[in-house]
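Q: So the protein lines, in turn, are chains A and B. Here numbering that gives the first Met the number 0 is used: position 239 in the first sequence is 238, and no number is missing along the way. Here numbering that gives the first Met the number 0 is used: position 198 in the second sequence is 197, and no number is missing along the way.
The hints are simulated quantities; they were obtained by calculation from the structure and are not laboratory data. Where a beta carbon is used, it is the ideal one built from N, C-alpha and C, also for glycine.
According to the in silico footprint, chain A covers these stretches of chain B (three or more CB under 8 Å from chain A): (1) 12 to 25; (2) 49 to 59; (3) 88 to 97; (4) 138 to 148.
Residue-level listing of the chains:
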Amino acid sequence: MSVRDISFTFADARPRFGVGLRHPHYTDFAEAATLPDFVEVHSENFFAPGGASRALIDSVRARCDVSLHGVGLGLGSAAGVDPLHLERLAALVVRVEPLSVSDHACFARAPLPGETVPVHGADLLPLAFTSASLNILCDNVSRVQDALRRPILVENLSAYWAFEDDCFAEPEFLAALCQRAGCGLLLDLNNLVVNATNAREADVVAAARRFIDALPAAAVGEYHLAGCTPVESGPMIDDHSRPVSDAVWAVYAHALRVLGPRPTLVEWDLDLPPWAVLMAEADRAGAIAGGVSGESSDKGGSTTLSAVPA
Amino acid sequence: MSAVTRTDAGRDLEAARQQAILAALFAADRAGALAAVSGARIRGSSGALAAGLGAYRGNGLAIAERALQATYPATFDLLGESASSAAAHLWRAEPPRSGDLADWGGGFADWLAAQPSLADWPQLAGCARIEWACHRAARAADAAMDVGSLALLGTHAAESLRLRLKPDVVVVRGAAGFHRTWLDASGREASAGPGAAAPSSPDDRLEHADGVQPTSSTEAVVVWREAFAPRVEPLAPAWAEWLDSALAGDALPLLLAGSPEPDLETTLAKLISRGWLLDILTTEDPA
Chain A
0 MSVRDISFTF
10 ADARPRFGVG
20 LRHPHYTDFA
30 EAATLPDFVE
40 VHSENFFAPG
50 GASRALIDSV
60 RARCDVSLHG
70 VGLGLGSAAG
80 VDPLHLERLA
90 ALVVRVEPLS
100 VSDHACFARA
110 PLPGETVPVH
120 GADLLPLAFT
130 SASLNILCDN
140 VSRVQDALRR
150 PILVENLSAY
160 WAFEDDCFAE
170 PEFLAALCQR
180 AGCGLLLDLN
190 NLVVNATNAR
200 EADVVAAARR
210 FIDALPAAAV
220 GEYHLAGCTP
230 VESGPMIDDH
240 SRPVSDAVWA
250 VYAHALRVLG
260 PRPTLVEWDL
270 DLPPWAVLMA
280 EADRAGAIAG
290 GVSGESSDKG
300 GSTTLSAVPA
Chain B
0 MSAVTRTDAG
10 RDLEAARQQA
20 ILAALFAADR
30 AGALAAVSGA
40 RIRGSSGALA
50 AGLGAYRGNG
60 LAIAERALQA
70 TYPATFDLLG
80 ESASSAAAHL
90 WRAEPPRSGD
100 LADWGGGFAD
110 WLAAQPSLAD
120 WPQLAGCARI
130 EWACHRAARA
140 ADAAMDVGSL
150 ALLGTHAAES
160 LRLRLKPDVV
170 VVRGAAGFHR
180 TWLDASGREA
190 SAGPGAAAPS
200 SPDDRLEHAD
210 GVQPTSSTEA
220 VVVWREAFAP
230 RVEPLAPAWA
240 EWLDSALAGD
250 ALPLLLAGSP
260 EPDLETTLAK
270 LISRGWLLDI
280 LTTEDPA
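In isolation and in its complexed conformation, chain A is listed as follows (with noise of 0.2 Å):
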């Protein structure tokens, strides 16, 4: 069986379109009178079993859906999963029932030469693509979602490093994780522009392309967006820091004719813009989704939308 022909779907989603909350903008969210869809916050932001954070997750999810997107899991780790990071992920999902629970197809955790108990390296280090590695991160996906007991979404890197020895083409890889593991994709179209650009691919955005056309469309649960600084020598650095980029927009473009409608988030981490540029944002990546619609709805009809990116 082709991992493109997969036997669950978590095309599903209704189309909703999110922005990533972060602290400097919790009073805009809650003096907004008009909210996203929905918001993405860092779980491990609300890891803490009391205080201030517990009161402010509360409060936003008071006034609007929420999903949990993790930094911290480390999925990918031969060490394994932490138990008391999955114990406070579990808490937290229930106490937030989000709409979706997602981390990164990444490795973490590995106790230093000489060591016994792990390290935690605080990033999101990048997986060899072999069969040893997807059985690793297969394993402790699979642990996360019995105790969570809902599937979970899996975020591809980007990365600064690929291996001598990786016997999988990444979307491969990816497929054959969320065939196995019965977990869905977070396809983040920005990490698949900064790898191009980073392996310095002629063409960026046709080099996404090609990654997105090679992926099972019932596996991809959610795309997020965003922007990072551009560089003039060394590697693209996925920052979070700047609008989406033009190249992405035509990415999603792509995405949405080809994979269909998903929840969409725009995230920013750093260099915060205000409020209301953030929710513009989220804004365009509608009016780009509802453009994609209105093409499959009135094929060779004669509609110019001029929202959305080739």
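Dock chain B against chain A, hints included.
A: Frame of chain A, contents of chain B only:
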């Protein structure tokens, strides 16, 4: 070779690769990092390897600095330009063990205290201890006082009772003047702690706070959370010892013997007014 053996061997190889990469990220210097990662089978030129390593190591240090500055803002201000290198040292000496960075950095005060170049400034490590206690208090579990448990005082002998304080309450000790150092660096006004007369003016409050243990080489403060905000107050020595005893779960007679106030009612009234008391338990209740 069996399939099982191949699988185990593959996992071992991935575990070794991941260990090598993390060793590179936390290596003391670039040369050590390059040596650590040399067996990780990273694809591409040595330049690509070095560029990626620089990105990951740089990101780690940026994360360390942001995390530590959020937890220790006053200590960072006091350290000035050397704060970044202090964060880098701590990052490599005591890497995070948890995926929640709020758990990292508890060793900063001890690390500062161990630096020979800071030996004549012991208040700095004390300032860091206050900030770590505030950080912990801000995140401690919510806990409301069990008013009904006070009834045990009328139905049980003192020998069979003990007090339990809320999980955010902690006593912090440091070199004389460490509280003042923290106050100055954080731009706060002092408030008087237990055992001290009410101050009459802001200036008096500062003098009063500094004057709790004017002749001692060390002093103590209590840190707790009021609503969502951590609070810090100076403690008289008798109160510091008594709170230590209560936090250790000592039985009521021992607490009565060392009470900083003339009677239990006064002590309890101060505990309740400050919001430190969680409940009263019998010695047979689980902690």
